[in-house]
Amino acid sequence: MKGLSLQGVCKRFGGVTAADEITLDVPAGRVTGLIGPNGAGKTTIVNLITGMLALSAGRIVFDGRDISALGADRISRLGFARTFQNIRLFKEASVVDNLLIGFHKLQQSSLVSNILGLPAARAETARIRAMAHDLLQRFDMSRFADFPAGGLSYGHQRRVEMMRALAASPTVLLLDEPVAGMNDVEAAELGRIFLEVAASGIAVLLIEHNIRFVTRLCEQVHVLDYGRVIASGTPRQVMSDPAVIAAYLGS
Amino acid sequence: MEFLLGYRPLFDVFLLHTGYALGQYIVLRAGVFSVANAGLSSIGAYLAAGLTLKLGVHPYLSLLAGTLAGVVFALLLSWPLARLRGVYQAIATLAFVQVVLSVNVFAEPLTGGAMGLNGIPRVVGTWTLLIAVGATIYLMTAIGATRLGRAFDAVRQDEAVAVSLGVSVTRTQSVAFAISGAVAGLFGGLEAFHGYALEPNQFGFSFLVAILSYVVLGGRRSVIGPVVGTAVLVALPEIARPLAEYRMLVYGALLVAVIAYLPRGIVDTLLDYLRRQHMAARAASTAGRQS
Numbered sequence: 038m039k040g041l042s043l044q045g046v047c048k049r050f051g052g053v054t055a056a057d058e059i060t061l062d063v064p065a066g067r068v069t070g071l072i073g074p075n076g077a078g079k080t081t082i083v084n085l086i087t088g089m090l091a092l093s094a095g096r097i098v099f100d101g102r103d104i105s106a107l108g109a110d111r112i113s114r115l116g117f118a119r120t121f122q123n124i125r126l127f128k129e130a131s132v133v134d135n136l137l138i139g140f141h142k143l144q145q146s147s148l149v150s151n152i153l154g155l156p157a158a159r160a161e162t163a164r165i166r167a168m169a170h171d172l173l174q175r176f177d178m179s180r181f182a183d184f185p186a187g188g189l190s191y192g193h194q195r196r197v198e199m200m201r202a203l204a205a206s207p208t209v210l211l212l213d214e215p216v217a218g219m220n221d222v223e224a225a226e227l228g229r230i231f232l233e234v235a236a237s238g239i240a241v242l243l244i245e246h247n248i249r250f251v252t253r254l255c256e257q258v259h260v261l262d263y264g265r266v267i268a269s270g271t272p273r274q275v276m277s278d279p280a281v282i283a284a285y286l287g288s
Numbered sequence: 030m031e032f033l034l035g036y037r038p039l040f041d042v043f044l045l046h047t048g049y050a051l052g053q054y055i056v057l058r059a060g061v062f063s064v065a066n067a068g069l070s071s072i073g074a075y076l077a078a079g080l081t082l083k084l085g086v087h088p089y090l091s092l093l094a095g096t097l098a099g100v101v102f103a104l105l106l107s108w109p110l111a112r113l114r115g116v117y118q119a120i121a122t123l124a125f126v127q128v129v130l131s132v133n134v135f136a137e138p139l140t141g142g143a144m145g146l147n148g149i150p151r152v153v154g155t156w157t158l159l160i161a162v163g164a165t166i167y168l169m170t171a172i173g174a175t176r177l178g179r180a181f182d183a184v185r186q187d188e189a190v191a192v193s194l195g196v197s198v199t200r201t202q203s204v205a206f207a208i209s210g211a212v213a214g215l216f217g218g219l220e221a222f223h224g225y226a227l228e229p230n231q232f233g234f235s236f237l238v239a240i241l242s243y244v245v246l247g248g249r250r251s252v253i254g255p256v257v258g259t260a261v262l263v264a265l266p267e268i269a270r271p272l273a274e275y276r277m278l279v280y281g282a283l284l285v286a287v288i289a290y291l292p293r294g295i296v297d298t299l300l301d302y303l304r305r306q307h308m309a310a311r312a313a314s315t316a317g318r319q320s
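Chains as they are written, first to last, in the numbering used here: chain A, 38 to 288; chain B, 30 to 320.
Since the hints were made in silico from the structure, they are not lab data. Here the structure is a predicted model, which means the values were calculated and not measured. C-beta: ideal position from N, C-alpha, C; glycine also. Certain hints may be false.
Counterexamples of contact, computed for chain A against chain B with all Cβ distances above 12 Å [to be verified]: (1) M89; (2) V98; (3) R111; (4) S146; (5) T162; (6) F176; (7) D177; (8) E198; (9) A202; (10) G218; (11) S237; (12) H246; (13) D262; (14) A283.
Computed Cβ-Cβ distance ranges for the label pairs, DEER-style [to be verified]: (15) A/D278 to B/L105: 50 to 60 Å; (16) B/G154 to A/A163: 35 to 45 Å; (17) A/G218 to B/M277: 32 to 42 Å; (18) B/T298 to A/S179: 23 to 33 Å.
Go ahead and model the full structure; you've got the sequences and the hints to work with.
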């Protein structure tokens, strides 16, 4: 299968089971939703996929290759990108500088040319800088290029993080509550971008709280509660599932 | 001219210490809280001096050997250090500095023990030091403008983000360590060939604190920070000479004041201030055009 697939993934922290036999697919070209109440283990799943946490059991397969045991930076170089639930930008650095690091994976200049500042390394920096400005234009953020990222409004900071994740043209994009704290207009705007991204062939996993938002973007939704998938299907199917209603509203 | 020549030894000290400060700066920039540079400089100094004194190796080849030794020991150290963070790295590297110090004292046949090494040919003068410092500043600036410098900055500011963007923390920090080891080893060697003699405590705890102070006082982000920090702290005891025995008190008070009021160091605080002024001016001019 093209895309990402989790097969019986488990994660235990001491006695707590944060992920219990999770099996789900994130196919290329679509936005797959993962919802669940607070503390259901959604962020743990992102951390497991990206290699920030080691699996206790199970496998994670990407384009037919087992990536369960790879280090986080290796997984990233395979084409994985993520955003963080609490925005993590380099606050004092300018917006452009925040984006430049997003291109790290694409760069190929040798270590020696970097240490000595040879023309090859400098030309690469100039090229990357131009790409960052293109990206800013695409997201209509050019006017903020030289501002310190920490001084931007919340919505704009989210955008910068999104651009940084998209900089290296990922094949898998993991979005950890990307519209938290945004109003409906801002969220809808970002939602359009997510659909565009998925349409270009990227496998997108959208982790959300906001059920309405997920319903609009996803054909396939998985619901997580206490580390287990309690329902999977189309948004309509899932929403009428008694187990899901119980998890969200109490029985 | 006479007057300036009188300050030449002080200027040489400034140049040597600028080199040490830059070696310290580059590891801090990559987010490694290492104070190993004193030990690495000691290794570079003793190896370079020993090779020339005992085996008659040409001083410049000895300097090269000292530099390489700095790199090798730095890489060896970076391996266990990759498992540690923050203050634990500082403690582990402090232990390394003490080990080097003890070995220097006990390996008497090689290092001269507590007496140190004497009669080292003085082949390094102000010009050689100027060239070495110039080259080091160039390197540090060049690295800052490339992929490697961006990786250093990313790892220092947020490891999780760096890793999620494909930056290997271990590799990046090892490279920073190796560069720092090269600079530390080189300037250790230069000091050996500049001062006729070496003694083990030269590279002890007070040396380590001095180097760290240069970077803290000047600033940790821009390359000019450590240079300014060194200039201030090397010149200070001379400027405060009339205060006689209270000189070190001024030194200490200045450091405390800077840490309390300019935690980012003199140069970085100034640069941030100028950048804010610039952005404010630009914002005002765009607002003016729109209205």
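Results for each hint:
Annotated as non-interface, A/M89 brings its C-beta within 12 Å of a C-beta of chain B; the closest such distance is 7 Å. At roughly 20 Å from the closest C-beta of chain B, the C-beta of A/V98 stays outside 12 Å, upholding its exclusion from the interface. Taking the minimum C-beta to C-beta distance to chain B, about 8 Å, the non-interface status of A/R111 is violated against the 12 Å cut. Annotated as non-interface, A/S146 brings its C-beta within 12 Å of a C-beta of chain B; the closest such distance is 6 Å.
Residue-level check failed: A/T162 sits 6 Å from the nearest beta carbon of chain B, not beyond 12 Å. At roughly 18 Å from the closest C-beta of chain B, the C-beta of A/F176 stays outside 12 Å, upholding its exclusion from the interface. Distance to chain B confirms A/D177 as a non-interface residue, since its nearest Cβ pair spans about 16 Å, more than 12 Å. Its closest Cβ contact with chain B, about 9 Å, brings A/E198 to no more than 12 Å, contrary to its assignment away from the interface.
The Cβ of A/A202 does not lie farther than 12 Å from every Cβ of chain B; its closest approach is about 8 Å, which violates its non-interface assignment. Every CB of chain B is more than 12 Å from the CB of A/G218 (nearest about 19 Å), matching its label as outside the interface. Listed as outside the interface, A/S237 is consistent with that label: its C-beta sits roughly 20 Å from the nearest C-beta of chain B, beyond the 12 Å cut-off. No Cβ of chain B approaches the Cβ of A/H246 within 12 Å, the least distance being about 21 Å, so the stated non-interface status holds.
A cut-off of 12 Å between C-beta atoms confirms that A/D262 is not in contact with chain B; the least separation is 26 Å. Here A/A283 stays apart from chain B, with its beta-carbon at least about 34 Å from theirs, past the 12 Å limit. Remark: the range hint 50 to 60 Å for A/D278 to B/L105 is upheld by a beta-carbon distance near 58 Å. Distance hint for B/G154 and A/A163: a CB-CB separation of about 39 Å, consistent with the stated range 35 to 45 Å.
Judged by the Cβ atoms, the range 32 to 42 Å given for A/G218 and B/M277 is violated: they are separated by roughly 52 Å. The supplied range of 23 to 33 Å is met by B/T298 and A/S179, whose beta-carbon atoms lie about 29 Å from each other.
Hints 1, 3, 4, 5, 8, 9 and 17, counting from the list given before, are not met by this structure.
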